[in-house]
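Starting from the known structure of chain A, arrange chain B on it as the hints suggest.
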Amino acid sequence: LIFPALSPAADPAVISPQDPTLLIGSSLVATCTVSPDFPLKAEDLYWTLNGRRLPAASYAALGPSTLSVALARLNGSRQQSGDNLVCHSRDGGILAGSCLYVGLPPEKPVNITCWSKNMKDLTCKWAPGTEGETFLHTNYTLKYKRRWYGQDNTCQEYHTAGTYSCHIPKDLALFTPYEIWVEASNRLGVAVSDVVMLDILDVVTTDPPSDVHVSRVGDLEDQLSVRWSSPPALKDFLFQAKYQIQYRVEDSSEWKVVDDVGNQTSCRLAGLRPGTVYFVQVRCNPFSIYGSKKAGIWSDWSNPTAASTPRSERVTGGCDPKAGEQNTTLRRELKQFFGWVKKHAYGCSNLGIKLYDQWRVWLQKSHKARNQV
Amino acid sequence: GDSWGIFTFLCAALCNLPALPALNCSEELGAGQSIQQTYDLTRYLEHQLRTLAGTYLNYLGPPFNEPDFNPPRLARAERVPSATVDLDLWRGLTDNARLAANYRAYSRLLCYLRVLDGQVGTAELRHRLAHFCASLQGLVLSIGGVMSSLGYPLPTGPAGPPAPSGAPVASNDFLKKMDDFWLLKELQTWLWRSAKDFNRLKKKVPPAVVTLRLEARGF
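Going down the list, the protein sequences come from chains A and B. Each residue of the first sequence is one higher than the one before, counting from 1 in full-length UniProt numbering. Each residue of the second sequence is one higher than the one before, counting from 1 in full-length UniProt numbering.
Isolated chain A, as found in the complex (with noise of 0.2 angstroms):
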């Protein structure tokens, strides 16, 4: 199709409405008005939506060249962009386009729950009410303000724990009720959760404790012993912490939870298998936070530490030695190579020893791993 020579501003053709936005289930006639500079009939025309054809017997001329479709109880947008409905000429050609956005207005956002981390911010989470779908970009704002006093405020960085979270760096009073609600909006309307009311106090968590240190206890083949310490932000503040301890068999992934640790910061776990490699973790519950006898949110767990129980010296079975001195021959072999190679190819090789090691324990991993599966 060859085009005439065009002033910038003409459009071969015009669709009408242009860029609609509508309810699910509604009805719409569209038209294609070929400009009068182009030779283009009604007949000459066809429509698609979303790259497919729509039957002719929707199609109604309306003038020589305008050419209308009919398109009833229309389901949600196939890609939040809008629908694709495109006017043709005869040889397939784009004359005009319009995009529809078909969906639902959003529903009140649900389950909002925040949390403090050192009393110093405040990260909210909420989850949209129609499990989300509703066609249509819906843009959510958490909003909070004191109680009490005028003025509202708008969370300005989204996004940090999961797509429906919110982040407030500053600016917060202790002591002090605030309300907190999120309103979510779309193209075809607004809603606004129910307002949640908190005093940051209530709500407060903290670092999980820091310098975990598993070990073992003498000779003593069912016991390990834990140390922590507790995390530093909490000298700060006026409160008494909690503690648990959860650890588990290295090949196992059922976790045995120690629940009254209380304050202190050690503890001894005890009727442990021996000769076990156990994982350990720690977390803190910041409570009694300036004398109140609330307690806070628990803190995130601190990463695994890991410690084995001894086995008492026997010969098991099991333990092949000539495989253990085939490796040591191996390495030995292998590093005479490296050193050699070094000499050789100097200057650009990372090759060594070291490379070596790294690469038998990838290969233990991935082994393990694909064993897990």
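To be clear, the hints were calculated from the coordinates, so they are not data collected in a lab. Source: prediction; values computed, not measured. C-beta atoms are modelled at their ideal positions from N, C-alpha and C, and glycine is treated no differently. Be aware that one or more of the hints could be misleading.
If you anchor each label on the Cβ, the simulated ranges turn out as follows [unchecked claim]:
| id | chain 1 | residue 1 | chain 2 | residue 2 | range |
| --- | --- | --- | --- | --- | --- |
| 1 | A | W362 | B | S82 | 55 to 61 angstroms |
| 2 | B | P153 | A | G93 | 42 to 48 angstroms |
| 3 | A | G339 | B | E66 | 55 to 61 angstroms |
| 4 | A | T154 | B | T55 | 26 to 32 angstroms |
| 5 | A | W148 | B | N58 | 48 to 54 angstroms |
| 6 | A | S58 | B | E66 | 18 to 24 angstroms |
| 7 | B | T55 | A | D222 | 52 to 58 angstroms |
| 8 | A | T160 | B | D117 | 17 to 23 angstroms |
| 9 | A | G339 | B | Q188 | 45 to 51 angstroms |
| 10 | A | D236 | B | D117 | 35 to 41 angstroms |
| 11 | B | A170 | A | G189 | 24 to 30 angstroms |
| 12 | A | G339 | B | R200 | 40 to 46 angstroms |
| 13 | A | R146 | B | Q188 | 48 to 54 angstroms |
| 14 | B | A170 | A | N111 | 38 to 44 angstroms |
One-sided and incomplete, this derived list gives chain B residues near chain A with beta-carbon spacing under 8 angstroms [to be verified]:
| id | residue |
| --- | --- |
| 15 | Y59 |
| 16 | G61 |
| 17 | P71 |
| 18 | G121 |
| 19 | K177 |
| 20 | W192 |
Only some residues are given here: those of chain A computed to face chain B with a beta carbon under 8 angstroms [stated by the list, open to error]:
| id | residue |
| --- | --- |
| 21 | G51 |
| 22 | R53 |
| 23 | Q79 |
| 24 | G82 |
| 25 | S98 |
| 26 | H137 |
Leaving out everything else, chain B in the frame of chain A:
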């Protein structure tokens, strides 16, 4: 068992050495290195763009993501620098002119992409676009580096898109989708052609600028 593993490990590691026999890997950082890096970056961007374009065109929806889609390029779409220039004409330009054209084109394309980034719907797309823009910014700087190392002046003039000279910004959502389609298409063509340009330039750069000391060592 074990020996086969060792063998594969060695093969993999040795393949990372530039070449055997022995090489001293200290190359002087000159135009040759710059051009190679720019070439590599162009290829990397080509690869990134494939994924980005795929995701973006799916977001625009059919027919935009259909393989044979070829909408008209209306007069308004002229603001995006076009790579579809006569190839003989292109090859006939001097190195300086070609480099300058590349530099200017990518600077403008970057601007348009950044505008796109501000308007696009999904978080995943925004993330991909941001990453691509960062890499594209790197390409512009890299081309600038090549031009400097070859002694050419950097093109002056506004880095942003030129003021709309009568051609208005897309006046409806569908036209905007077509503009976006052409932006990605032109970007693809530019990157494809730039890779060839830099490959040819690599071979032209005088050997004195690149030093690689090769010493055979009785292998």
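Now for the hints, and whether the structure bears them out:
no.: 1; hint: A:W362 with B:S82: 55 to 61 angstroms; in the structure: violated, 48 angstroms
no.: 2; hint: B:P153 with A:G93: 42 to 48 angstroms; in the structure: holds, 44 angstroms
no.: 3; hint: A:G339 with B:E66: 55 to 61 angstroms; in the structure: holds, 59 angstroms
no.: 4; hint: A:T154 with B:T55: 26 to 32 angstroms; in the structure: holds, 30 angstroms
no.: 5; hint: A:W148 with B:N58: 48 to 54 angstroms; in the structure: holds, 49 angstroms
no.: 6; hint: A:S58 with B:E66: 18 to 24 angstroms; in the structure: holds, 22 angstroms
no.: 7; hint: B:T55 with A:D222: 52 to 58 angstroms; in the structure: holds, 55 angstroms
no.: 8; hint: A:T160 with B:D117: 17 to 23 angstroms; in the structure: holds, 20 angstroms
no.: 9; hint: A:G339 with B:Q188: 45 to 51 angstroms; in the structure: holds, 49 angstroms
no.: 10; hint: A:D236 with B:D117: 35 to 41 angstroms; in the structure: holds, 40 angstroms
no.: 11; hint: B:A170 with A:G189: 24 to 30 angstroms; in the structure: holds, 27 angstroms
no.: 12; hint: A:G339 with B:R200: 40 to 46 angstroms; in the structure: holds, 43 angstroms
no.: 13; hint: A:R146 with B:Q188: 48 to 54 angstroms; in the structure: holds, 53 angstroms
no.: 14; hint: B:A170 with A:N111: 38 to 44 angstroms; in the structure: holds, 40 angstroms
no.: 15; hint: Y59; in the structure: holds, 6 angstroms
no.: 16; hint: G61; in the structure: holds, 4 angstroms
no.: 17; hint: P71; in the structure: holds, 5 angstroms
no.: 18; hint: G121; in the structure: holds, 5 angstroms
no.: 19; hint: K177; in the structure: holds, 7 angstroms
no.: 20; hint: W192; in the structure: violated, 25 angstroms
no.: 21; hint: G51; in the structure: holds, 3 angstroms
no.: 22; hint: R53; in the structure: violated, 11 angstroms
no.: 23; hint: Q79; in the structure: holds, 4 angstroms
no.: 24; hint: G82; in the structure: holds, 6 angstroms
no.: 25; hint: S98; in the structure: holds, 6 angstroms
no.: 26; hint: H137; in the structure: holds, 5 angstroms
In this structure, the earlier hints numbered 1, 20 and 22 are contradicted, and the remaining ones agree with it.
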